[in-house]
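> The lines below spell out each chain.
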Amino acid sequence: MPVTELPLAIVSSQQSGSIVQGNRSQRTSWINSFYVPRQPTAIT
Amino acid sequence: MSPFPWVPFIGYEAVQPNTGFTRDHLGWQDQGTVTGIEQLYVIDQYEEAQVQGNAPPQVTYIDSVVALAVEANSLSPTFPTISLPVAVIVLDGVGRIQQVIDQRPSYLSSVPNFATVVNVGTFKAFENISDPTKRVNFQNSFAVPRSYALSPRIPQEVNFPCSGFFLGAGSVAFTQGNFPIGVIRIPTTYISNRTTPGLTANAINQGYITVNVAFNQGNPIVNAALAITTTQTSGVFPSNTLPLFEATVDSVNLIRNLVDWRPSYI
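Heads up: the protein sequence lines correspond to chains B and V, in order.
Just so you know, the numbering used here puts the end of the first sequence at 55, numbered straight through with nothing missing.
Just so you know, the numbering used here puts the end of the second sequence at 269, numbered straight through with nothing missing.
Among the clues, some could well be false.
[Unchecked claim] Facing chain B, from chain V, some residues (calculated, C-beta under 8 Å):
# : residue
1 : G14
2 : V45
3 : I46
4 : D105
5 : V121
6 : Q142
7 : E160
[Claimed, not checked] In silico negatives: residues of chain V with every beta carbon more than 10 Å from chain B:
#  : residue
8  : A90
9  : S109
10 : P155
11 : A217
12 : S267
Just so you know, these hints were derived from the structure itself, not from any lab.
We put the beta carbon where it would ideally sit given N, CA and C, even for glycine.
I would like the entire structure built from these sequences, with the hints used as guidance.
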């Protein structure tokens with residue numbers, strides 16, 4: 012089994028221990044978990 | 004979180020290995036690259052050793068979750084079967100990140116139907132996206148602007164109060180039985196109290212996609228459209244629709260809150 016990803020949300024979230032967990036059924040929770048920027052981060 | 008200390012570009016996260024403990028502090032281990040391409044993933048290294056037959060399978064109390072940046076040979080490399088893929092990055096000759104490709108899984112193998120229309124046959128409607136196994140495709144479909152910042156480097160997309168916002172473009176596909184019978188594309192739409200569909204003052208406005216099937220000389224004509232209606236009950240959308248957002252609008256037509264209600268399907 013791979014590690015289980017815990018979706019995270021900054022809004023509509025609930026505290027569970029030290030982790031702020033999101034709502035699995037909402038897309039925003041999954042977007043926020045391991046957020047990858049949509050635009051390439053070009054460092055100059 | 005970043006494979007390079009001066010480039011914190013990947014967001015906060017948490018995972019749970021088979022020990023059951025939650026881990027939200029992972030350091031990225033950069034294993035270097037000659038090709039200039041690296042694949043980033045999270046993995047339990049002890050479990051990986053078990054899968055490879057290098058560690059006793061009965062042991063479940065060792066928690067060895069790490070985040071790795073490993074050399075890759077292509078922009079769409081194969082990730083270890085028990086890993087959580089995060090991204091592929093492209094580095095230039097002096098080690099700067101020039102491209103980031105989102106590889107996070109959607110945990111779906113196909114797009115679920117959001118509507119079923121029974122009308123001389125059974126028609127089903129679902130979001131039309133290129134690869135349902137990748138989260139990024141769902142993220143961009145009918146994108147609802149984010150009203151909160153993920154980090155100082157990833158600011159919000161709208162500030163309140165505001166008069167309107169852009170809802171992202173999306174596409175809806177239809178099947179009859181198992182046969183694809185049409186795709187409706189909905190462009191990026193500006194939404195305010197002056198648009199159609201638009202927002203109503205002093206109300207919670209719900210935005211969603213509705214579908215219908217009409218017939219022309221026996222041939223089905225499918226259609227999908229954005230609809231906005233007001234509600235008293237937040238979070239409850241009409242059946243057979245694709246929920247998108249709720250916007251709370253005050254008496255002078257300013258948006259005071261905007262909540263993304265798109266489903267994750269999981």
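> If a hint holds in the structure, say so; if it does not, say that too.
Hint-by-hint comparison with the structure:
1. G14: Holds. Min distance 3 Å.
2. V45: 6 Å, holds
3. I46: 7 Å, holds
4. D105: Since chain B brings a Cβ to about 4 Å from V:D105, closer than 8 Å, the hint holds.
5. V121: 26 Å, violated
6. Q142: 5 Å, holds
7. E160: 11 Å, violated
8. A90: Not fine: 5 Å to the nearest Cβ puts V:A90 too close to chain B.
9. S109: The assertion about V:S109 is violated, with a minimum of 8 Å to chain B.
10. P155: Check passes; 13 Å lies beyond 10 Å.
11. A217: 30 Å, holds
12. S267: 5 Å, violated
The structure does not agree with the numbered hints 5, 7, 8, 9, 12 stated previously, though it agrees with the rest.
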